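Asks: Letter by letter, the chains look like this.
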Amino acid sequence: MSATVITVTSGKGGVGKTTTAANLSVSLAMLGQRVVAIDADIGLRNLDVVMGLENRIVYDLVDAVEGHCRLRQTLIRDKRLSELYLLPAAQTRDKTAVTPEQMVELCDQLRPDFDFILVDSPAGIEQGYRNAVAPADRVLIVTTPEVSAVRDADRIVGLIEADLKGPPSLIINRLNPEMVQRGQMLSMDDVVEILAIDLIGIVPEDKEIIISSNRGNPVALDGKSAAGLAFRNIAGRIMGQDIAFMPLKGGGSVFDRLARFIRG
Amino acid sequence: MGLLDRILGRRQPTSSDIAKERLQLVLVHDRSNISPAVLEKMKDELIAVISRYVEIEAAGVEVAFTHSRTENRLVANIPVVGPSGRAAPGQPSRRSRPSG
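So the protein lines, in turn, are chains A and B. Per the working numbering, residue 1 is the first one in the first sequence, and the count goes up by one each step. Per the working numbering, residue 1 is the first one in the second sequence, and the count goes up by one each step.
It is worth saying that the hints were derived from the structure and are not from the lab. Heads up, a few of these hints could be off.
Unchecked claim - Some but not every residue of chain B turned toward chain A, in silico, with C-beta under 10 Å: (1) T14; (2) S15; (3) S16; (4) R22; (5) L23; (6) V26; (7) D30; (8) R31; (9) R52.
Here the structure is a predicted model, which is why all the values come from computation and not from measurement. Here a beta-carbon is modelled for each residue, glycine too, at the ideal position from N, C-alpha and C.
Please model the entire structure based on the sequences and the hints provided.
Replies: What follows is the structure in structure tokens.
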């Protein structure tokens with residue numbers, strides 16, 4: 001068996017790439033998969049803190065690429081899930097420290113030992129992005145229902161198509177069902193219609209995301225969080241399970257809706 | 001928005017409607033890879049070509065991308081100089097303009 005390499009990217013920064021990469025890695029590991037999460041954001045690493053593994057880093061991705069250590073030595077085993085590993089980015093270097101070819105080679109070395117390799121891409125469309133996408137078998141594009149994020153996602157869709165990577169899948173993050181219902185936020189249907197790519201998940205806006213990242217415990221580990229469930233559902237879909245999109249609450253009672261209708 | 005308007009279905013666009021509309025238009029431009037400067041050059045060339053055959057009001061020419069649910073279009077709006085009281089097609093015109 002050889003691992004599937006999945007790159008999480010977005011174009012725009014701050015839409016939740018790292019949170020998504022961390023939570024999908026955790027969710028896939030919870031499904032019994034052997035997973036390595038690679039932080040490809042050299043110079044601005046964050047996957048380590050989101051996963052709560054920042055204190056264990058000895059060697060990083062650039063050390064392995066430059067031959068300062070063996071690849072196996074860079075891998076940090078997760079403290080909660082025994083089949084989950086993190087390969088941290090270097091913090092003192094920049095995107096030019098590795099090439100797309102080196103990323104492909106690095107992933108090829110990891111493939112035999114894992115089921116999934118998740119690559120957390122930096123924002124932008126420059127070399128860091130190209131490094132992250134080069135080894136991908138599959139690309140997940142994260143966007144939020146905002147004009148700027150959707151526009152940048154569209155740019156990435158175009159670049160992925162030009163790269164002949166196969167169709168990317170879309171994750172809509174931080175959707176607020178109440179705002180959608182009031183006509184104050186682009187809906188899932190709007191975003192899917194505009195970008196015209198397959199939707200693989202919708203993650204509702206959830207305060208637990210911030211609370212869990214404060215603690216370094218990805219929200220997917222939290223059985224009660226709506227966002228956590230959304231990430232676990234996406235992991236299931238990646239595994240080929242047929243999981244319906246969860247109904248987004250937000251209507252309230254008939255009286256609430258009537259009141260909203262009258263108020264306008 | 002007034003209650004009467006809502007009951008009669010006269011709906012004003014919400015901010016999400018506006019967001020969608022703006023996004024669709026900006027993406028037509030982004031996807032076309034045609035910069036505003038190129039579009040302007042194309043407009044000037046169109047004016048030059050069409051002016052050889054029809055007298056047009058160059059200052060009023062508009063060339064822009066538009067979109068609908070099913071297709072994107074490059075629409076050129078070209079005002080023609082001439083009398084407004086034209087005859088219907090098929091009937092002899094009341095007045096013919098000198099050519100050239």
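Asks: Hint by hint, say whether it matches the structure.
Replies: Hints and how they fare:
1. T14: Holds. Min distance 3 Å.
2. S15: holds (6 Å)
3. S16: Status holds, d = 5 Å.
4. R22: Hint on R22/B: holds, closest Cβ of chain A at ~6 Å, below 10 Å.
5. L23: holds (5 Å)
6. V26: Interface hint status for V26/B: holds (6 Å vs cutoff 10 Å).
7. D30: holds (6 Å)
8. R31: With a minimum Cβ separation of about 7 Å from chain A (threshold 10 Å), the hint on R31/B holds.
9. R52: violated (37 Å)
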